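Fit chain F to the supplied structure of chain Z, relying on the hints for placement.
Respectively, the protein sequence lines represent chains Z and F. Per our numbering, the very first residue in the first sequence carries number 54; after that it's consecutive. Per our numbering, the very first residue in the second sequence carries number 1138; after that it's consecutive.
It cannot be assumed that every hint is accurate.
[Claimed, not checked] Below, simulated SDA-like cross-link-like pairs (lysine to any residue); rule was C-alpha separation at most 25 Å, straight line:
(1) F:Lys1235 - Z:Pro66
(2) Z:Lys759 - F:Asn1183
(3) Z:Lys278 - Z:Ser292
(4) Z:Lys702 - Z:Arg486
[Stated by the list, open to error] Pulled from the structure, derived: some chain Z residues nowhere near chain F, Cβ distances all over 10 Å:
(5) Leu105
(6) Ala114
(7) Ala180
(8) Tyr203
(9) Lys205
(10) Pro207
(11) Asp208
(12) Phe612
(13) Val630
(14) Ala666
(15) Ile774
(16) Arg822
(17) Asp825
(18) Leu827
I should point out that these hints are in silico values taken from the structure, not numbers from a laboratory. Remember, predicted model here, so these are calculated numbers, not experimental data. Where is the CB? At the ideal position from N, CA and C, for every residue including glycine.
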Amino acid sequence: MTATPDAIGKRLPRRDAADKLAGAARYTDDLTRPGMLHAAILGSPWPSARILAIDTAAARALPGVKAVLTGADLPARRWGLFVYDETPLAAGVVRYVGEPVAAVAATDLATARAAAALIEVDYEELAPVLSIEEALKDGAIPVHPDFDGYEKRPDLGFERVNEIARQEFSEGDVESAWGNCDVVVEGVYEVPSQSHVYLEPVSAIAEFDRAGKLTVQSANQSVYKVQATLSRALDLPMSNIRVATPAIGGAFGGKSGVTIQPLVAHLARATGRPVRLTLTREEDFMAMRRRHPAIVRVRTGAKTDGTLVARDLDIVYDGGAYAEDSPAVLGFGLLMARGPYTIPHCRLRGRAVYTNRLRAAGFRGYGNPQVTFATEAQIDELAGRLGLDPVELRLKNAVEAGGRWIGGQTITSCGLSECLTEARDASGWTGKRHRAGAGAGADAETGGKRRGIGVSAFAHICGLLGTSATVRLLEDGTVTLATGAVDLGQGAEAVLAQICAGALDLDIGRINSAPVDSDAAPYNWSTGGSRVTYMAGRAVVQAAGAVREQIVRHAAELFECAPADIEIRPGGRAGIVGVPEKEIGFGDISLRAHYRSGGPIIGSGALVYDGEAFDTKEALIRNYPFERIGTYVFGAHVVEVEVDTVTGKVDILRAWMAHDVGRAINPTEVEGQIQGGFVQGAGYALLEELLWEDGQPINPSMMDYKVFGALDLPLGLHPIIVEDPEPSGPFGAKGIGEPPLVGAAPAIANAVAHATGLRLRTLPMTPERVLDALDAAAIRDPEMPAPDRDPEPTPGA
Amino acid sequence: MTGGGVAPVDLTVNGEPLTLLAGPGATLLDLLRSRAQLTGSKQGCNSGVCGVCTVLVDGKTARACLMLAADCAGRTVVTIEGLDDDPHAAVLGEEMAKAGAVQCGYCTPGIVVALTDLFRRTAVPPDAAAVRHWLGGNICRCTGYVSIVEAAVRAGQRSVGADIEARAP
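Isolated chain Z, as found in the complex (with noise of 0.2 Å):
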């Protein structure tokens, strides 16, 4: 192919745009099926509880309902990615408040929802495990006692109860190390549990035909994870079941698992009927997925000139009541948790614990956002101790393609230092870090406000198990794709065309994408770990490759010539190099294949990611359950910010935000990205907690639990996009997803720390935490009137 194809590096608008702008995209809850019936459910309302007895009978009784499960109800099979611990309704006792005990299907929503409230469970209350301390303390109670007999693969080491991984990365003599450091710090770190907040709340549809084949149409971030999950589920084999994906509302790691389709499936086959259930957004808050909080332990030390030398780092993320992506969370915050840095002495361990609260799993930055918060500010508190530039301090230590990530897989391609140096200058960092921000004199010039600008750098990877594609050559001579690719709103049908387009040298107006449907898309792991561009833009690339070589083979016949004197030409034509009159369509071609020679022309690419596997001889790896995850990606962000030292709130003033992307496929799209991730990364750094008092969620509605609007932010917020091909990409792409979000914490706890001069080490940095940290640090004018800490609630609200 041509070096760079037309379509590559264009910014095409999506096609998917006019549909979605119209209203006429169909999300599950759009859609709807003959004798279709609507579900609801009932969930706990105990953390910790014995379920005595469920009485259905008054919600049986009511005209309309069709069917009313419970745990009892449903064969006891367990699922789980690594630990098989959940059943789609509770099973005797219940772990969570809002896990579902019942459903309820009937032929209108009201219906259902009256019947489910008319549900009666007599539970005996047990004692719940409501944090990380009391899941490790001595004597804790077993959130789930039988642990010992669930499936689990592969084992992952368990030493307490409570544990649902444990895990080490390690190398060189951390113990020995600092006594060559010159400057140690040292410090923990605590950070919230974020909730997705995608807009479509999760929804299922789910009916079986009389041939006993299970359909499936859900908001998923995998047809293939959701129809394996459903087989071991339902007991149904994978070819029975179909798992399709209208328009997905959003996910970000949310809808990465199975989530509620294998209860709405169990009300189908209960009923013989299609059957609906969306949640409400307050079930999903409850009774869905978040982010893992957690708390940090690290100490890092360096050398006077800022040679870092040693990291000895311990986390424990709280995985709630389930393990789902626990023991990977884990293990991918390991694996990030020595940052983006040549640091030869390191000993990073952690482990996951099951607690009584809502299951944390996948969101994206998947266990990188809460260990590089702690990381890249022990790096500024290194920068600050040493009388160091933070940028400079980084750009001394930072990885450089050729050099080692922990574990020994070499780093393929790495524009870190372009990241951060871009970013720096585009800031004028130099001048504003130099402006004094905590001085105590400014605050009555500014109104007590301070102004601080911080840096963060970091990375992600892309990568990540299996995926395949197919390209068919039309009659038309234009295209099908197909890949398995879930489109979660990112933007994956749009790039992934585009990477069809470039490897063909077509317009993208001839590349068709199949929707992603089980019965009929090429396997793909899933939509998730910033992977798709990566990875199924190689498979696309391989089966856009085998088609290319079919055509050749045609036009060489065509024209009785050697394959190797036929070159593709840009706009879907064959031709003899050298001799522009001779050249052939792709229509002919593909009439030719279809009716005359050869059949149909397909080509298909299928792989496993295959880079270089972690070293075991160099690095100590304890229970990882990989070999191998990915090609290694980079940024940096400088954010500058305001803190009021009346009121506690930090405003975000501009951010600049460097990726390293290998090569932008569509910087638009990049863009969006890069800007999305790091407002819901801002919202995490000063916003967003899901809280529980008691083991009772106190937020779970967008009234209580507020994610950034319109008006909260700045227009400034600044893609830069760096592109440092990466040899084994499609086209040198890499993945970008989900480090926007990575880096925008710790950038944004830097500027504060610059502005005020405090480390604020828990997210999120609230207005009452920043005025705590101010009045612990005495620092706030006396002569600057008190804010009013605890208004009166205002009448009516």
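Chain F only, in chain Z's frame:
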């Protein structure tokens, strides 16, 4: 709806007079989505916070999830489907698509309805501050808002005041 209590509601939706059956407690959003099969108005939070159900009621931006269906009798409702031929919405759509301001699309219809209302009301193209203020009730979890606001400003410059005739509701 559980048998009794279902009552007909007469209203005008996207220019068409309709009689729709509403159960007790049913909202305008229920009516539009379930009875009128107008699914462009989305259900997001059911508490008037997220704005994905934004419609025009008697020419003004409203949250369909907060309005009781029974209170909509005699009113004129315009949903995203009713803006299909609207010149402001068309220009806005072009600019949003070009700017990458449409990602998952779940907030998009509500934002288009809200901004079309803004463009109809104003004689001068709104600046970024006015757009941000106007979108205070529309949450987007994907874009970070920058592309939406910039697209809206450009759309306003193209369509507001460009053709007075087009601004008639």
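Evaluated hints:
| no. | hint | result |
| --- | --- | --- |
| 1 | F:Lys1235 - Z:Pro66 | holds (5 Å) |
| 2 | Z:Lys759 - F:Asn1183 | holds (15 Å) |
| 3 | Z:Lys278 - Z:Ser292 | holds (14 Å) |
| 4 | Z:Lys702 - Z:Arg486 | holds (21 Å) |
| 5 | Leu105 | holds (29 Å) |
| 6 | Ala114 | holds (12 Å) |
| 7 | Ala180 | holds (33 Å) |
| 8 | Tyr203 | holds (34 Å) |
| 9 | Lys205 | holds (34 Å) |
| 10 | Pro207 | holds (34 Å) |
| 11 | Asp208 | holds (37 Å) |
| 12 | Phe612 | holds (42 Å) |
| 13 | Val630 | holds (38 Å) |
| 14 | Ala666 | holds (35 Å) |
| 15 | Ile774 | holds (13 Å) |
| 16 | Arg822 | holds (24 Å) |
| 17 | Asp825 | holds (28 Å) |
| 18 | Leu827 | holds (28 Å) |
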